[in-house]
Amino acid sequence: MNLRVPSPGELPLVRQLRGADRLGRGAAAESRWSKELRARTATADRTVKSVCPYCAVGCAQNIFVKDGEIVQIEGDPDAPHSRGRLCPKGSATRQLTTGSSRERHVLHRRPGASDWERLDLETAMDMIADRVVRDRRRGWEEEEDGDLLHRTMGIAALGGATLDNEENYLIKKLLTALGVIQIENQARVCHSSTVVGLGTSFGRGASSTLPGDLQNSDLIVLEGSNMAEAHPVAYQWVVEAKARGATVIHVDPHYSRTSALADEFVPLRAGTDIAFLGGIINHVLTTESDFREYVLAYTNASTIVGERFEDAGAEGLFSGYEEATMSYDPRSWQYEGAFVGAAAGQRDQEGNVDRLQEDELGGPGGRGEIRRDETLRHPRCVWQILRRHYAAYTPEMVERVCGVPQDVFAKVCRLFVENSGRERTTAFVHGVGWTQHTIGSQYIRAASILQLLLGNMGRPGGGVMAMRGHASIQGSSDIPTLFDTLPGYIPMPHAHGHDDLADFIAADSPARGFWGNMDDYVVSLLKAWWGRAATAENDYCFEYLPRLTGSHSTYDTTMAMVEGKVKGFFLFGQNPAVGSANTRMQRLGMSKLDWLVVRDFSLIESATWWKDGPEIESGEMRTADIDTEVFFLPAAAHTEKEGTFTNTQRMLQWHHKAVDPRDDQRSDLWFTYHLGRKVRERLADSGDRNDRPILDLTWDYPTEGEIEEPLADAVLAEINGWNADGEMLSAYTELKADGSTSCGCWIYCGCYAEGVNQTARRKPASEQNWTGGEWAWAWPANRRILYNRASADPSGKPWSERKKLVWWDEGKGEWVGHDTPDFEAGKPPDYVPPEGATGPDALRGDEPFIMQADGRGWLFAPAGVADGPLPTHYEPQDSPVRNLLHEHQRDPARQLYEHEWNRYHPDPDEPGAEVFPFAATTYRLTEHFTAGGMSRWTPYLAELQPEFFCEVSPELAAERGLEHAGWATIVGARGAVEARVMVTERMTPLWVDGRVVHQIGMPYHWGPNGLARGDSMNELSSMALDPSSHIQEVKALSVDIRPGRRPRGPGRTVLVEEYRRRAGITAATGMG
Amino acid sequence: MATRAQVKELLDSGLDYEAVARQLGIRPGLAYMIATGRPADDDTAPAQDLFEPPAHNPTTNPRVIEWVKERAARELRSAG
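Line order of the protein sequences matches chains A and B.
In my numbering, each residue's number is its place in the first sequence (first place is 1) plus 76.
In my numbering, each residue's number is its place in the second sequence (first place is 1) plus 21.
Since the hints were made in silico from the structure, they are not lab data.
Please note: incorrect hints may appear among the correct ones.
[Stated by the list, open to error] Using 20 Å as the maximum straight-line C-alpha spacing, the simulated EDC-like pairs for lysine to aspartate or glutamate come out as follows:
1) B:K90 - A:E803
2) B:K90 - A:D801
3) B:K29 - A:D97
4) A:K754 - A:D736
5) B:K90 - A:E830
6) B:K90 - A:D776
7) A:K487 - A:E472
8) B:K90 - A:D97
9) B:K90 - A:E472
All chains, full assembly: derive it from the sequences and hints.
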């Protein structure tokens, strides 16, 4: 560019004032130089419709391509949910996808080698296929105690939430056919407890609403979510609601931009949300300010529970607790005279449930006569049980436990009540601040109870909005790369009692509700996977499915690795070396593997721990002694492949391919398909019956191009399903259990209806209503707000004109409204099931929760949650405060792991507890993404947030001598990390039970690799899990903090050991 | 630079923004902005096509449909 000094007459303002364009809209705004400029968007050849690959808001993108290169990526202004906006991460996607940080070639580390070597892709694929075939056999387990297992424990996989649905589908299909059960992804460590909490309460484990509907809320309560920073584009709807007069409350340990935009910020102690929510429930119950008509008609408040049920009481233990196994037998939680299974949630209970059915009811789920007391006076009706359970959760106790002053709490209660009922609605928004606890599922249950009591479910501006964190983490839950489910939340079969298909269906399919059609869903799935080989005579190959024998979650797999039981491990875009709890255990586990395949953009910590991990620096591991063979295979970006992401509102959006991947970069669809092809080639001549599942698998996907990329829309078509005439199915109600339909995921049935990829629909927001029903496609059946039958009263009329959504049209004889009705379209409100009716036919016309066996929202969960039918406050595993509400300090059924690298902290009343006096919590930043793999290597984002830091209050800084912008070392029983110090009033010291509790905030994105480097806070966290969902507790823990940097080399371990000695920590500490 | 009057005159003659832009040698989005004072990618302006190159958003794939027919014939027709 040539620069010269312009003459006075050329100055823009002078030209503007002298010329005809005095407002500066046209010629006056141009200079000679700017006149030559052309926007990259203007010179592009084409615009490719796409979706942001970061968080689960799923902002729509326009990708501008010129001469085969991406020249710009912008938000798509037509999109109803994102309205053209992108956050800093989304705005950096061009750099993410085209920048130089991405690896382009396969790398191989031989066992014991000190560095990488290049390897050609084809050779790498052959080597991996050889190892899969070998180690599948080495880890094979055919049976246990006479029960069929039909599985291999030699191979495991982790990751999928950043991938497309089609990729997750092929991964699950291939690995399951190989007998692999240790399949997990980010959904386990992020929102698995949401699935349990929402699923058991309402019938489906996904967000009930969409961010765009928050604009209709009268009150929005954000708790466990820093939405303005973690999901900034979705936060526009909160701002929109506020502009329309809504009140916004933010409840969080940490003041953030979400708090700044809220009307009320309520700081509370990390890990005490159930005490807080329980207090509100108690307020609603004692003041009888519930929405009584809704409660009586649509919840199980009036249902009578069996005589054997005993409340948790002061002790904090429900009936059925077995101390020896630290678990509950849930039989005593069942309804009187009837059995209902859970629509979702913890399926390990099903063994117990099987016994219950056989022992007491003589039949499968949903049988028996449910007894109710509509007066709500029966001492064993749910309403009275709820009253007794939460009676102790008084405002005084909320203040003592949570540190929330009583006047603030009273205001929150008042706002809840005032903004619920016929005319007004309240919405909850939560993120992983609620889910990542040893009682995470119960956090979600508590919010669900409140929303049912106040009549906020299924209505505009109501619901529970779960803000999920990865582009397709909802999709990787729906089409699960998870151990315990098959596509569409069909449970994986267990070794106990699931010998054949009939047993499986009988055990898991209730007689009432849409799960009553589970045989249609299962048989259609088996036909999609095993095609011609699946016949009625062979139970549609049901025997081909491997069996579970308990939890095989990612943390159980970590322990199995540590014990040397797992030989090979696939990582699909997940980075456990810094992103999972107790990262030392993760790296230790990987060091025991024979081989590891890492598929990612860059050399993340999970790919390089063997040469530069913390244990190498400390001397606890030596590279030469580590025999793990490592393959690094560079992944294709979202711009280089096509497929669907399912966002946080259950919406599947198709993204098109803009450009070809370079060199060895490949999609996970390509990798999985060709790995499967190679494994099948190797086994082609096998006569072993255990190889039939892989050889009979339908695996003939059409491919295109030089690299033979499978057609993602062919995979999506298989997911959708078809009938015997080759017609694409339109709805899951068309599925049959007679082998005449095929469907890879029943809840996605309809996404390819009429041979049209419905997920690629892009009708502009301005041409449709706020639900955006013609933009892409949402499961189930393109319903945008779930349970919307509840937006009308039992007679089918809207509760109010202001909050109408769907209603019964007597003239048309069907449900109509602004959204697809979440109900059988022609079932009238006064429908009463005939004697002996089953499945959906057995639900009345006024029972809106159609996945539940009793058609109602569950205030009390008689099944599905492992640690009790009602949420109960327990302290976090490592807490500096004793439990004031119950004698049991911690969740008595939580899942723990005994290992010298996974020690827990003492009880707060025990000697040594004072060594870890502070509460710590963790959160996400706008500029970084999860464990950093897609942001720490991106220069724009790395520059915006360059260093790991901790936030402390001025009071704590003074107490511990911490200086703003200086260094601090934070220590726990698992590890020590260093962080830059931010002294800020954003962290509020709380007055808790007569003393001040200081809290420390830490973002969790860092690790030692990439451009923005720092310690991972997960060096501090432990493997202590929620028993229902197997999620880890990383949102509340106790620590110590001291000024200065941490020691280098072996000194770091010495420091942690010194702390352990001072605290008197042994293998038994914290286990009680 | 085209003036608002020029754009308006051509629009009034029945031309759409693309045709106006071709006549005036400017991009359609700019013609829209000159005429309305609003950018074509504004939330309230359903005029995204005016400022962007042609969008690539196919929703059907005949090859997939053909493959589905073959599979259904192979795998499902014999079912009861």
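Comparing the hints with the structure gives:
Using a Cα cut-off of 20 Å, the hinted pair K90 of chain B and E803 of chain A holds, with the two alpha carbons roughly 7 Å apart. Only pairs whose Cα atoms come within 20 Å are accepted, and K90 of chain B paired with D801 of chain A is accepted, the gap being roughly 7 Å. Proximity of K29 of chain B to D97 of chain A is assessed by CA-CA distance (about 17 Å); at most 20 Å being required, the pair is judged to hold. Using a Cα cut-off of 20 Å, the hinted pair K754 of chain A and D736 of chain A is violated, with the two alpha carbons roughly 23 Å apart.
Only pairs whose Cα atoms come within 20 Å are accepted, and K90 of chain B paired with E830 of chain A is accepted, the gap being roughly 13 Å. Between K90 of chain B and D776 of chain A the alpha-carbon distance is near 13 Å, which keeps this suggested pair within the 20 Å criterion. Of the supplied pair hints, the one linking K487 of chain A and E472 of chain A holds, its CA atoms being roughly 14 Å apart against a limit of 20 Å. Simply put, K90 of chain B and D97 of chain A have alpha-carbon atoms about 63 Å apart, too far for the 20 Å limit, and the pair is violated.
Only pairs whose Cα atoms come within 20 Å are accepted, and K90 of chain B paired with E472 of chain A is rejected, the gap being roughly 67 Å.
Of the numbered hints listed earlier, those contradicted by the structure are 4, 8, 9.
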